[in-house]
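Protein chains in written order, with this note's numbering: chain A, 4 to 460; chain B, 22 to 292.
What the hints contain is simulated information worked out from the structure, not anything from laboratory work.
Glycine included, C-beta positions come from ideal geometry on N, C-alpha and C.
Keep in mind that the hints are not guaranteed to be accurate.
[Unchecked claim] Label pairs and their calculated CB-CB ranges:
{"id": "1", "chain 1": "A", "residue 1": "G454", "chain 2": "B", "residue 2": "Q255", "range": "21 to 27 Å"}
{"id": "2", "chain 1": "A", "residue 1": "A288", "chain 2": "B", "residue 2": "E233", "range": "58 to 64 Å"}
{"id": "3", "chain 1": "A", "residue 1": "N273", "chain 2": "B", "residue 2": "E233", "range": "54 to 60 Å"}
{"id": "4", "chain 1": "A", "residue 1": "N285", "chain 2": "B", "residue 2": "K176", "range": "55 to 61 Å"}
{"id": "5", "chain 1": "A", "residue 1": "A20", "chain 2": "B", "residue 2": "A225", "range": "45 to 51 Å"}
{"id": "6", "chain 1": "B", "residue 1": "R290", "chain 2": "A", "residue 2": "A20", "range": "37 to 43 Å"}
{"id": "7", "chain 1": "A", "residue 1": "A275", "chain 2": "B", "residue 2": "Q255", "range": "45 to 51 Å"}
{"id": "8", "chain 1": "A", "residue 1": "A270", "chain 2": "B", "residue 2": "E280", "range": "57 to 63 Å"}
{"id": "9", "chain 1": "A", "residue 1": "N273", "chain 2": "B", "residue 2": "Q255", "range": "40 to 46 Å"}
{"id": "10", "chain 1": "B", "residue 1": "S246", "chain 2": "A", "residue 2": "D277", "range": "38 to 44 Å"}
{"id": "11", "chain 1": "B", "residue 1": "G153", "chain 2": "A", "residue 2": "A395", "range": "58 to 64 Å"}
{"id": "12", "chain 1": "A", "residue 1": "A288", "chain 2": "B", "residue 2": "K176", "range": "56 to 62 Å"}
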Amino acid sequence: MTAIDTAPAGSAADENARRRAQIRRSLTRRNRAETRFRLLGLGSALAAMAFVAVLFGNILSHGLPAFWQYTLDAEVTFDAAVIRVPERPVQGADQSDAEFRAAMLSWQRRLAMVNWNRLIVASVQAAAPGQQIDDRAAVSVIDSGVRFVLRDMVADNPALIGQTVPVRMLLSADGDNWAKGRISRDLPDARQQLSRPARDWIDSLMAQGTVHRAFAWHIFTNVDSRTSPASAGLAGAFVGSLYMMIVVILLAVPIGVASAIYLEEFAPRNRATDLIEVNINNLAAVPSIVFGLLGAAVFINIFHLPFSAPLVGGLVLTLMTLPTIIIATRSSLRAVPPSLRQAALGLGASRTQMVFHHVLPVTFPGILTASILGVAQALGETAPLLLIGMNAFVANIPATPMEQSAALPVQIYLWQGNENRNFFEPRTFAAIIVLLGLMILLNALAIWLRGRLERKA
Amino acid sequence: MSAPLTTIRPTASALDGDARANRISARDVTVHYGPKQAIFDVSMEIPERSVTAFIGPSGCGKSTFLRCFNRMNDTIEGCRVGGTITIDGEDIHDPALDVVELRARVGMVFQKPNPFPKSIYDNIAYGPRIHGLVRGKAETDALVESALQKAGLWKEVADRLDAPGTGLSGGQQQRLCIARAIATGPEVILMDEPCSALDPIATAVVEDLIHELKEQYTIVIVTHSMQQAARVSQKTAFFHLGKLIEYGETEQIFVNPREKQTEAYITGRIG
Numbered sequence: 004m005t006a007i008d009t010a011p012a013g014s015a016a017d018e019n020a021r022r023r024a025q026i027r028r029s030l031t032r033r034n035r036a037e038t039r040f041r042l043l044g045l046g047s048a049l050a051a052m053a054f055v056a057v058l059f060g061n062i063l064s065h066g067l068p069a070f071w072q073y074t075l076d077a078e079v080t081f082d083a084a085v086i087r088v089p090e091r092p093v094q095g096a097d098q099s100d101a102e103f104r105a106a107m108l109s110w111q112r113r114l115a116m117v118n119w120n121r122l123i124v125a126s127v128q129a130a131a132p133g134q135q136i137d138d139r140a141a142v143s144v145i146d147s148g149v150r151f152v153l154r155d156m157v158a159d160n161p162a163l164i165g166q167t168v169p170v171r172m173l174l175s176a177d178g179d180n181w182a183k184g185r186i187s188r189d190l191p192d193a194r195q196q197l198s199r200p201a202r203d204w205i206d207s208l209m210a211q212g213t214v215h216r217a218f219a220w221h222i223f224t225n226v227d228s229r230t231s232p233a234s235a236g237l238a239g240a241f242v243g244s245l246y247m248m249i250v251v252i253l254l255a256v257p258i259g260v261a262s263a264i265y266l267e268e269f270a271p272r273n274r275a276t277d278l279i280e281v282n283i284n285n286l287a288a289v290p291s292i293v294f295g296l297l298g299a300a301v302f303i304n305i306f307h308l309p310f311s312a313p314l315v316g317g318l319v320l321t322l323m324t325l326p327t328i329i330i331a332t333r334s335s336l337r338a339v340p341p342s343l344r345q346a347a348l349g350l351g352a353s354r355t356q357m358v359f360h361h362v363l364p365v366t367f368p369g370i371l372t373a374s375i376l377g378v379a380q381a382l383g384e385t386a387p388l389l390l391i392g393m394n395a396f397v398a399n400i401p402a403t404p405m406e407q408s409a410a411l412p413v414q415i416y417l418w419q420g421n422e423n424r425n426f427f428e429p430r431t432f433a434a435i436i437v438l439l440g441l442m443i444l445l446n447a448l449a450i451w452l453r454g455r456l457e458r459k460a
Numbered sequence: 022m023s024a025p026l027t028t029i030r031p032t033a034s035a036l037d038g039d040a041r042a043n044r045i046s047a048r049d050v051t052v053h054y055g056p057k058q059a060i061f062d063v064s065m066e067i068p069e070r071s072v073t074a075f076i077g078p079s080g081c082g083k084s085t086f087l088r089c090f091n092r093m094n095d096t097i098e099g100c101r102v103g104g105t106i107t108i109d110g111e112d113i114h115d116p117a118l119d120v121v122e123l124r125a126r127v128g129m130v131f132q133k134p135n136p137f138p139k140s141i142y143d144n145i146a147y148g149p150r151i152h153g154l155v156r157g158k159a160e161t162d163a164l165v166e167s168a169l170q171k172a173g174l175w176k177e178v179a180d181r182l183d184a185p186g187t188g189l190s191g192g193q194q195q196r197l198c199i200a201r202a203i204a205t206g207p208e209v210i211l212m213d214e215p216c217s218a219l220d221p222i223a224t225a226v227v228e229d230l231i232h233e234l235k236e237q238y239t240i241v242i243v244t245h246s247m248q249q250a251a252r253v254s255q256k257t258a259f260f261h262l263g264k265l266i267e268y269g270e271t272e273q274i275f276v277n278p279r280e281k282q283t284e285a286y287i288t289g290r291i292g
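Only chain A is shown next, with the shape it has when bound in the complex (with noise of 0.2 Å):
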């Protein structure tokens, strides 16, 4: 500025004119950049969104249908002549208590060893008066588990026997598959898995709407089935992840975010505390399944712990979990403005209380939010628990954190390695949705709690 104040006046008009056009000049040049950037930037969003569009489709349209399967309406006759079991005992008054659990047990067993099969195949054929149908075929479309069902009906009310009552029937995994479609019509008889007049049978009863799609709530409620596929479930897999996400909140939370803050409010700065710095981080880029080792190392083989326990698997997570938490409210605690600090401290608060009063109160919402994140990571992450044992087959509801259960995700591997893939391949997808939706519905709390509190600090 000061050179031109002093030029004479023409040639500071000359200077002023030879800048703007070189301001303009340079102008077009940075305006092209922004703009290249800016489609750049626009083409990379659309072009993740487009990826995550074709997997939510591509999961949305082959797990969906899986939610409802072809299930056969008719009329069960509970054949006195096939349920042949005395009389379900009653507890008198001069039998002990032991007693009478013995005579019920026994009552069970008989009434397990009742052909409950004959009463299928006398339903399935009755279903369709004008079909051919022999008794290996009739057993073949109906899902396995209903004998079961039906067993289950007689035991809590032993009046049904002698009645005809109309039941749901779930039809098997090859008659849905099927029913739905996916077994090639043209396929000859020796490589079809039901037999002509099975499927005969299905195609009959479907026409005439006996044979129809319900939904699926058994995915919800039963556990997995080896034996009768078309009727196994998540109810297993989701209380063993539940249980491992209660592990992991009751320790993983509390020991990150107490660590967090002693590393970042109390620890002197020197060589021990750097080391354990560098540690955590480098733990948060160790690969999970060396998690899975550990754990299978340290909690079954030294201090032996049971196989395929949530108590393990969650221990397990919670070590995985522990590193991302730590470093995330640390990264909120040190965003904390120093100002804060020192208003806290120059009043005579002690650092305790600066930190609880003042320090937490305002971090609470990105701790809150990285504590869900790291627990909903642990609930996607299958590799460690491969180690443990978690991948058994296990076809109960565990009643304690002890006992041996399944997991979402792993119960996701193991339906995508089933050997029956025609059916499987839609039940994994679908499986896939709930875990997806539990996650969705994790972040979605994270994101809401963290609105909610962010509005009122």
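Chain B: place on chain A using the hints.
Just chain B now, kept in the frame of chain A:
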């Protein structure tokens, strides 16, 4: 103050008019930040119930020296303070003295207004509460009102004590911070460039406030504005490159500086 502190011990000389006793005394104070020395052997006596201003160019160490009095330098990583500082004859580095107690006696107002993200009421009540100076709601209410009255903020906020302190204007926030410092009943108030983030009108209000507060408190103020030092202080200390160059009555410093460097600074030739 409505809640007198047990630590207040008026000395005989404190009671006799103009000859003010020295409340703070610094002997050969040095401060290092890691290997770098920031303060070189500074000694001074600060009289009670008056305003002492620290002036000097940026980076001369005046704020660092101020923070020695309530040991805020302890919170800075790698900072070491040497020498002796006594307040009412008590060594503030005495291991038997809790730094929390010291900071309750020596309040501080910072450069940037830093109210807690809480209500105006809670901002004031926080200090007295943690020090156990108030019991019950009535007592707290009275203390909050008196602190806000003294800071000249009461009329402006009386009807919205539940509103967040961060919602006030910059000048009001700074007076809130002063009220907050007053509420714990300190003997000394340290002010680190309290008006540097304020506009001239808010600055004038805060300066008037400082003027009133000196009747009751010993105030040490760091300022970038020589006019401000001249307006509010009785004594002025000029710092340069970590050394105390000159310390004396404000009038003498501005009218008749003994040191060449002081003169150069106040006439605008260095700084």
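Going through the hints against the structure:
1. Taking 21 to 27 Å as the suggested C-beta distance range, the pair G454 of chain A and Q255 of chain B does not conform, at roughly 52 Å.
2. Judged by the Cβ atoms, the range 58 to 64 Å given for A288 of chain A and E233 of chain B holds: they are separated by roughly 59 Å.
3. The given range of 54 to 60 Å is broken by N273 of chain A and E233 of chain B, whose C-beta atoms sit roughly 47 Å from each other.
4. In this structure, N285 of chain A and K176 of chain B meet the distance hint of 55 to 61 Å, their C-beta atoms being roughly 58 Å apart.
5. Our hint of 45 to 51 Å for A20 of chain A and A225 of chain B holds, since their Cβ atoms are close to 47 Å apart.
6. For the hinted restraint 37 to 43 Å between R290 of chain B and A20 of chain A, the CB-CB distance of approximately 40 Å keeps it satisfied.
7. In this structure, A275 of chain A and Q255 of chain B meet the distance hint of 45 to 51 Å, their C-beta atoms being roughly 50 Å apart.
8. A hinted range of 57 to 63 Å for the beta carbons of A270 of chain A and E280 of chain B is inconsistent with their spacing of about 45 Å.
9. The given range of 40 to 46 Å is respected by N273 of chain A and Q255 of chain B, whose C-beta atoms sit roughly 45 Å from each other.
10. For S246 of chain B and D277 of chain A, the hinted distance range of 38 to 44 Å is satisfied, since their beta carbons lie about 42 Å from each other.
11. Look at G153 of chain B against A395 of chain A: about 59 Å separates their beta carbons, and that is inside 58 to 64 Å.
12. Between A288 of chain A and K176 of chain B the beta carbon distance is about 58 Å. The supplied range of 56 to 62 Å therefore holds.
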